[in-house]
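Novice: Chains as they are written, first to last, in this note's numbering: chain A, 3 to 114; chain B, 6 to 117.
Simulated from the structure, these hints should not be mistaken for lab results.
Careful, some of the hints might be misleading.
Using 25 Å as the maximum straight-line C-alpha spacing, the simulated BS3-like pairs for lysine-lysine come out as follows [said to hold, decoys possible]:
1) B:Lys64 x B:Lys47
2) B:Lys47 x B:Lys84
3) B:Lys62 x B:Lys74
4) B:Lys47 x A:Lys11
5) A:Lys59 x B:Lys64
6) B:Lys47 x B:Lys73
Note that the structure is a prediction, hence the values are computed from the model and not measured.
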Amino acid sequence: DSGVTQTPKHLITATGQRVTLRCSPRSGDLSVYWYQQSLDQGLQFLIQYYNGEERAKGNILERFSAQQFPDLHSELNLSSLELGDSALYFCASSGGQGNIQYFGAGTRLSVL
Amino acid sequence: EDQVTQSPEALRLQEGESSSLNCSYTVSGLRGLFWYRQDPGKGPEFLFTLYSAGEEKEKERLKATLTKKESFLHITAPKPEDSATYLCAVPDRGSTLGRLYFGRGTQLTVWP
Numbered sequence: 003d004s005g006v007t008q009t010p011k012h013l014i015t016a017t018g019q020r021v022t023l024r025c026s027p028r029s030g031d032l033s034v035y036w037y038q039q040s041l042d043q044g045l046q047f048l049i050q051y052y053n054g055e056e057r058a059k060g061n062i063l064e065r066f067s068a069q070q071f072p073d074l075h076s077e078l079n080l081s082s083l084e085l086g087d088s089a090l091y092f093c094a095s096s097g098g099q100g101n102i103q104y105f106g107a108g109t110r111l112s113v114l
Numbered sequence: 006e007d008q009v010t011q012s013p014e015a016l017r018l019q020e021g022e023s024s025s026l027n028c029s030y031t032v033s034g035l036r037g038l039f040w041y042r043q044d045p046g047k048g049p050e051f052l053f054t055l056y057s058a059g060e061e062k063e064k065e066r067l068k069a070t071l072t073k074k075e076s077f078l079h080i081t082a083p084k085p086e087d088s089a090t091y092l093c094a095v096p097d098r099g100s101t102l103g104r105l106y107f108g109r110g111t112q113l114t115v116w117p
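Chain A on its own, in the form it takes in the complex:
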C-alpha cells in the first residue's frame, strides 16, 4: 500500500459529462501529481500542485482542471468528456525525499 488513496476506482460516464476524481496524498506529502495512462500514450504528466499552489503543467487539456485543498487532498475535474478521455488516471504524491513519487491505485475512466 503506497499510502496514496484515489476514489473512485472505476467511473463510467457518457460523452459530454463532467466527472471529479479525488486523491488523498501520503501523510505529510505536500506535492501531488496527476498522470494519465492510455494504451497508446503511456504515462503522461498532467499537472502538479505543491502545498495548494499549481507548480507545473503538462499537456493538460483546457477541459481538465485540478486543485489542491488546504488539507492537501486534490481533485481532478474532467469536463465535456470525449471517448478519447477514457484512460487510467493516477495521482502520485511526494514529500521531497529524492522526489520519489508514490502512486495511488488509479481511477479507471470509461467514457461511452
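Since chain A is already given, all that's left is putting chain B on it; use the hints.
Specialist: Quick look at chain B alone, frame taken from chain A:
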C-alpha cells in the same frame, strides 16, 4: 521530446532465465533515474532511484545499474511473480520536486 526509451517492449522468460531490461535517456544534468513496477490495472510501484553513473541498487532478484546514458534492470533467476511492466522515469531537469518523464515500459512475462 523522447526523454526516455525502454527496450525491449516485451520480454518473455522462462522461470530462472536471467536477463536485462534497458532504459536510455537523453536528458542532461540527470537528477535521478527511477524504476517502477506496474501490475495490470494498478498504480506504478516504486523500486529504485539511481543518481550517479556507476551506482547500483538491489532488491531481491532485481538489480538496477546506471551509466551516463542508460540504466539497466537486471533480473536474476526470475519467478512468475516477477511478471509485470517495468517503467523507468527521469525528472524534469528544469525543476526540483517536478514531473517525471516515463518510458513506455517493458512488459515482462515469466512462465514456469
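Novice: State for each hint whether it applies.
Specialist: Verification of the hints:
no.: 1; hint: B:Lys64 x B:Lys47; verdict: holds (20 Å)
no.: 2; hint: B:Lys47 x B:Lys84; verdict: holds (20 Å)
no.: 3; hint: B:Lys62 x B:Lys74; verdict: holds (17 Å)
no.: 4; hint: B:Lys47 x A:Lys11; verdict: holds (10 Å)
no.: 5; hint: A:Lys59 x B:Lys64; verdict: violated (33 Å)
no.: 6; hint: B:Lys47 x B:Lys73; verdict: violated (31 Å)
Going through the hint list in order, the structure does not satisfy hints 5 and 6.
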